[in-house]
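S.K.: Here's the letter readout for the chains.
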Amino acid sequence: MISRLFKFNGGVHPPQHKLASANSPIASVPMPQRLVLPLRQHVGNVSKLQVAVGDRVLKGELLAAADGMISAAVHAPTSGTISAIDEQLIPHASGLPDLCITLEADGEDRWIDHAPVDYRQLPKAEVIARLRDAGVVGLGGAAFPSHVKLREDGRHPVATLILNGAECEPYITCDDRLMRDRAEEIVRGLEIMQYLLGTARCMIGIEDNKPEAAAAMRAACANSAIPIEVVEVPTLYPGGGAKQLIKVLTGLEVPSGRLPTEIGVQCFNVATAYTVHRFVNFGEPVISRVVTVTGNVAHPGNFEVPLGMAIEDLVQVAGGAGDDTNGFIMGGPMMGFSLPSIRVPVVKATNCIIASAPRMFPPQPPALPCIRCTRCADACPVNLQPQELYWFAKSQNLDKARSYNIFDCIECGCCNYVCPSHIPLVQYYRFAKSEIIAQDKAKQAANLARERNEFRLARIEREKQERAAKHAQRAAGAKAESSEADEAKKAAIAAAMERAKAQKAEVAPKNTEDLPAAAQAEVAAIEARRAEAAAAKPPTDSLKQEKQENG
Amino acid sequence: MSAPPYITGNTTVSAIMFKVLLALVPGVAAYVWMFGSGILITLALASVTALASEALMLKLRRRPVWPFLSDNSALVTGWLLALALPPLAPWWLVVIGTLFAIVVAKQLYGGLGYNPFNPAMIGYAVLLISFPVIMTQWPAPLELAQAKLSFGDQLAYIFGRVLPAGVQLDAISTATPLDYLKTQLKLEHTMAEIRQAPVFGVIGAKGSEVVAGAYLLGGLYLVQQRIITWHIPVAFIGGLAAISGFFHVIDPQHYASPAFHLFGGAAMLGAFFIATDPVSGPTTPKGKLIFAGSIGVLTWVIRAYGGYPDGVAFAVLLMNLCVPLIDAYTQPRVFGHGKT
Chain A
1 MISRLFKFNG GVHPPQHKLA SANSPIASVP MPQRLVLPLR QHVGNVSKLQ VAVGDRVLKG
61 ELLAAADGMI SAAVHAPTSG TISAIDEQLI PHASGLPDLC ITLEADGEDR WIDHAPVDYR
121 QLPKAEVIAR LRDAGVVGLG GAAFPSHVKL REDGRHPVAT LILNGAECEP YITCDDRLMR
181 DRAEEIVRGL EIMQYLLGTA RCMIGIEDNK PEAAAAMRAA CANSAIPIEV VEVPTLYPGG
241 GAKQLIKVLT GLEVPSGRLP TEIGVQCFNV ATAYTVHRFV NFGEPVISRV VTVTGNVAHP
301 GNFEVPLGMA IEDLVQVAGG AGDDTNGFIM GGPMMGFSLP SIRVPVVKAT NCIIASAPRM
361 FPPQPPALPC IRCTRCADAC PVNLQPQELY WFAKSQNLDK ARSYNIFDCI ECGCCNYVCP
421 SHIPLVQYYR FAKSEIIAQD KAKQAANLAR ERNEFRLARI EREKQERAAK HAQRAAGAKA
481 ESSEADEAKK AAIAAAMERA KAQKAEVAPK NTEDLPAAAQ AEVAAIEARR AEAAAAKPPT
541 DSLKQEKQEN G
Chain B
1 MSAPPYITGN TTVSAIMFKV LLALVPGVAA YVWMFGSGIL ITLALASVTA LASEALMLKL
61 RRRPVWPFLS DNSALVTGWL LALALPPLAP WWLVVIGTLF AIVVAKQLYG GLGYNPFNPA
121 MIGYAVLLIS FPVIMTQWPA PLELAQAKLS FGDQLAYIFG RVLPAGVQLD AISTATPLDY
181 LKTQLKLEHT MAEIRQAPVF GVIGAKGSEV VAGAYLLGGL YLVQQRIITW HIPVAFIGGL
241 AAISGFFHVI DPQHYASPAF HLFGGAAMLG AFFIATDPVS GPTTPKGKLI FAGSIGVLTW
301 VIRAYGGYPD GVAFAVLLMN LCVPLIDAYT QPRVFGHGKT
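Going line by line, the protein sequences match chains A and B.
Quick note on the numbering used here: the first sequence kicks off at 1 and runs consecutively.
Quick note on the numbering used here: the second sequence kicks off at 1 and runs consecutively.
The following block holds chain B by itself, in its conformation from the complex (with noise of 0.2 Å):
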């Protein structure tokens, strides 16, 4: 009994955090189900290296370890990196990457609530740059790969990078949709052409359309549980879709559609999982606005000029570093300020 309020409602970070999990599993069931079943063993990488970690940094930095590990914040950050890199990197690569997010990005920064920037995201930035050819190996959607490879073969792949034998590795792998129109554009293919590819699904790209789909409809779970409010999903996502709408109309033979874009890479996911991250993103609903649909436009002017294969990372990330400044000019107006 010491200060009022002496009731509060029942809302904790942990069951945030959790309900963040919950709503990735039907993107990560998608991935299964289109990509096989190698993410789940980068997940468990991913998972086992962030809660370690987070552990180590707490002891090291003298914080008490179990209210900390148990927010599931490190989960979401290691599951979030993990759906952001190919399926079947090598586990190194995973382990790198979420140590990174993990150590530098959070916890040197403060922990839990003091990050600048998304750490999952910085992780992926980190290994992208250091990283690049593998970054960009990604596993063709089942249905298009010339082998498959059982559960047993994906871990010796993912752990000794050794494949069946007879196997070859472009047998499993394909530059990503992304990748092959940006390649193929510079080739001075029409769009028209370049479509024809097999990589290319109904609407975006053959196996990560359904990924992405699935995404989006755990985002809805998110909004509808009030863990994110429809801001930043809704100006990513619109920011995104105008840009290569207006880019779409005006030259179709060179623009891929707005549709092409949300579903043919992470927009989904970084729409409703990573942009939306409270502590490195803004908290006035205009500036979510601001940051989102900034996101958006960044994300499709990397995608279409800028030589890596997503822009959402960079995007984000960048978009982390307006922060302050976004919020200092956008806080609403107070009860009784201004016009009444």
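Isolated chain A (complex conformation) (with noise of 0.2 Å):
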């Protein structure tokens, strides 16, 4: 069962700091009064609501609902009423709030009605629709819906299934845990994938600073009834990386910009394994999930923590945020942020809370010149020039970081980690990619635009043609008439004429300046409203507001 592992290029060894909480097993919190869940806790589209303040829920009730193919699920993780449906902050590096479902728990904490389901009597489509149903998304922070990569899309059968327990981040050791604790029920939701997706090779990769993991993984394995390779991978930053973790296990690189089944991989998180467990052999939707709590609290460890939860609860569980406490970060101390406030809910993709203090994150000096040492190119997991692209992130010189495939960057920090002149590197890539991504919708906008204008030029010409074609026909037919016929083209010019000055008045400033406040506001209002729909509707809006210029 040893297989040959493979190498990537570079990785970083940060200290692990994961004995602090590795060592406590997954426990349960008290179910907290409130709870307040994101409608938006995966990548795709932001799920439809499906319940109305007021409503009294199950637990495992379904309060929103897939919308499309790429999109999962929400549910209740307790019994109670709808309290709030509205916009609250949420665990995002943005800050911004989005749209919340604010669940008073009644204590009771009363199950739906709810039951396996035999997944081989299904059709395969059932089963991965009601996956979608059931809100299985990606937990190892990605959130991506977990049923869209169980598809069998025909062209790419998937030879090898990988479940990634790597867990090279310092700090999290929620995965660690959950093998440790629950490596059986991993092992069934990996049976499970493995079925939907027909893949003959499955594979469990962890990384060798988790030797109990691994131990309980194998021993799992034994007992199931498809041979399942436990393998220890080297312990190395970013070895947890999908791509990174495929390329380790197989040898195969994912190509840029594609998915791993077009090499026949398949790579899911031991904790969404652990989901896909929990909703097809009992019937229960994603409705919590582990959460690793360290740094700087009182007792450091990993909560089984229903979704909704505030992490200001949470951290209280834990004992409590030291007095240096001076930020929480969600995820791990390479590629996690710093969340905006400590009021927000555990979201699906919340695998980590570490409260941060001074000491273990000091500020970084103020940055040097990078001297081209190339430490950044040799810890780069994808071989990039990291010392090219900042220097082409920072002349904002895009077109070149776009060739030098700053999109393949992943963001991972080892540049960034090891950077003697520290300078912030992933702060400059993001900054160019979001230009690259705004001047490409710009262009886009542009083309569109253009496009339309030359449409409307044509057209005009076209109908002037006609207006002339028939004129001449007219002037043909009888020249007595010839007197109206001045008039129509006299008419046309001042209509010409009405319409662009209607145009000019569009751009120029619009004479309201004088107007009393109330009547300002009123424009102002109709201004909003108009821009409102303009925005909500661009393309149908502007034809339509052509015609009728045109008309």
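Be aware that one or more of the hints could be misleading.
Claimed, not checked - No more than 27 Å apart at the CA atoms, straight line, and that leaves these computed lysine-lysine pairs for DSSO-like: (1) A:394 <-> B:286; (2) A:464 <-> A:489; (3) A:394 <-> A:433; (4) A:490 <-> A:464; (5) A:443 <-> A:400; (6) A:7 <-> A:48; (7) A:441 <-> A:394; (8) A:501 <-> A:489; (9) B:286 <-> A:400; (10) A:394 <-> B:59; (11) B:286 <-> A:7; (12) A:470 <-> A:490.
The hints are simulated quantities; they were obtained by calculation from the structure and are not laboratory data.
Since each chain sits alone in its own frame, please combine them into the complex, following the hints.
M.R.: Have a look at this one:
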């Protein structure tokens, strides 16, 4: 069962800091009074609301349904009443609020009727649709809807199914603990995934700093009906990145911008397999997850947390944060982000909460110039030239940045980690990427506008010619009516001038400055509505507008 | 608490440069042992000039002085230049060379990280072109010198060009082995005859071969510490050894052996300390091999056919010119691109 391992370029060995929480078995937390469930907890379309304020719901009841293929459902983690549906702060780096359902727990924790899914008797498509409706998403942190990855697309048979138990980020231990405490359940989930994908080979990749987890998984796999290889991979950040793990285990590289299925591989987090098992074998949708709470807290540990629980309360369960806490990170210290507030809910992507103190993450010294030492290039797992990308990003040479494959950057932070000049490289790359995307969008919009304008000009020209032809016909028919034709011409000119004036007025500042405040406010409100309408459906609206203008 | 990653390693530019200085210590010690303590005066002069001119330029350019002064890069430039100069060079020569290296080649181009050419080698080239006589007047190794100068004598000579009574310049100086080799070959002497001269040592030149060995030692420390990668020293030494070996095999009477080329001049200093300057060198692994291999070849060409005592400085500067091109054409394959 020992397979040959492969290497990816670079990688770093940051201090682990996993011991603080790794030895605490998964503990449950008291059900909070109030749960806040964002509708957007996954990659893809926002889920569609299925409840209204005041509704009573049971534990596991659907609150919002998946909207389209790439989407996932949201369920009630306990029984209670919907008290609000409004915008609230969510755990996102942007710090922007998003639509959330607030659920007041009734304390009864009463389940909705639920039953196992007899997945071998149902068509696979039906099982996959149910997984979507059960809210199963990747729990490694990306929260990509899992059912999308379990479909057989017909073109690419998946030969190898990989479970990712690498957990390469420092501090995080939720997967480690899940593998130690619930190995059998993970393997049950893997068996279902293997059945759905029809893969021949199953592997579980675990970094070799988690020998207990590997042993537990091996023991569980020994009881499985299917052959599963448990492979210990070298501890090397970011060895838990899906593409990196696939390379290490199989030697295959996922082509740039493509999906792993194209090389016959599919990769899921171990916790995702666990939720597949809970749903298929017990009928339980995804309403909780294991979260590591560590760092500057009194009792670091791993907790099974109902989704929607305030992180503030979760930190209290872990004994509260130390006095010198200066922030909270969601995720790991390499790729996680600083929470905008601690009063945000735990979501499906919340794998770890780190209470940070200045002594843990001291502020960076001021950045020095790049000395081209190429430590970053040596550390880059994607084999990019970060020093060149930095230069291009800094000088806003965006085309160059693109041609040096900036979009292959996975923002793992290795370059940043090793930089002796302490340059915040990842921030430069993020900036460059967003600038390029914005430019592309602007270019697209400009192209669309140009096409539309060309079409309009062509039509005006055609209409003019048609009119001219008509006039010529008429003139030929009855010369006596020539004065009338003149009239028509004049009218056409007048109309054209009117149109030009109207157009000008739209461009020029409006003469509403002198109006009283109330009238001005009204004008502003109308403007805002107009802008809103235009923003909502720009193409059709502007087309309509054009039609009116020329009609 | 701003943006990830929140943790970083503890390498700093200052520490990297300090390790380069540390790696030069064995070479300096060997220098003192073989050629006398005069080099220490030159090093001190270059250090003071480098730091003072760097500070002044930072001030004039309105840049923070301390963060840059403490990065140790000016000291590295000063030391490398000092080690390339004749040890008993007059004080003003050291000062002019260092000033040019720091002020023009480094700071006027934008300071740390922005210089397209190796500053120390620019300083060296300026001096070599401007003051060729002094630049080729090397003190004889102590075991060959007819007169030995005390530390005070050397101080007096460096600052006042005064020799102790009764000591002639010839008694303490000599042509470098590379120079000697060149002139003797022009006089149509064969290698076997030339090699009999006292300036030649076991494999390279007397005295310098020990210093070169010490540089090699320091260089290996840099590789071990991952301050530099193996690419540049290996390609430099490989390039120089390959071309000198090729001609030596064809015509051993007119071409010196690879060992002589490697241990008879500045090759070791160049391979581990000068060509490895990251700022003015290429960044891709393949590029480093091309860059340093070419320096090795060019060094030999300049030594064999050029009019200068050594070829390392010009070879490095010429290849510095090619760096953008080399980098552009040696981009490594990115993960998921090309073959899978």
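S.K.: For each hint given before, does the structure comply? Return the numbers of the non-compliant ones in rising order.
M.R.: 6
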